[in-house]
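**Student:** Sequence:
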Amino acid sequence: MMTLKKGGGELRERVDSSQQGSAAPGQKPGAYVTKDVAFIADVQQVDRKKGTITLRGALRTVTLKVKDPQQLKLISKGDQVEGVYSEAMAIAVVPAGAKARK
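For the sequence shown, the working numbering assigns the number 6 to the initial residue and increments by one for each residue that follows.
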């Protein structure tokens, strides 16, 4: 989820946080890692024909598809967006021959 900040003016930033854990003693082996990234990014370009915006963050620049054309109309070059995205990875060990659940 992202929030539009008309006119911008804040510093681009990125704040990383993470959590990790593993199975309790006596349980089957398993572990997880989650990473949350909070950011403020500058709108570098708005392509209304393609329905995309290009955002410049603290570490990289990305182009994202905006699904709602009404929302895209509200965004202009020079605005900023603030948001959070998450990445997660989990692993489990299963006996040979067993099918892992997806």
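What the hints contain is simulated information worked out from the structure, not anything from laboratory work.
Just to be clear, a hint being listed does not mean it is correct.
What the hints assert, rightly or not - Distance condition first, Cα-Cα at most 16 Å in a straight line; then the derived EDC-like pairs of lysine to aspartate or glutamate:
| id | residue 1 | residue 2 |
| --- | --- | --- |
| 1 | 82 | 21 |
| 2 | 54 | 73 |
| 3 | 78 | 52 |
| 4 | 72 | 92 |
| 5 | 82 | 52 |
| 6 | 11 | 84 |
| 7 | 10 | 84 |
| 8 | 40 | 92 |
| 9 | 10 | 92 |
| 10 | 40 | 21 |
| 11 | 70 | 52 |
| 12 | 11 | 87 |
| 13 | 55 | 41 |
Just so it is clear, the structure is predicted and the values come from calculations on it, not from any experiment.
**Student:** Please write out, lowest number first, the hints stated earlier that are contradicted by the structure.
**Tutor:** 1, 4, 9, 13
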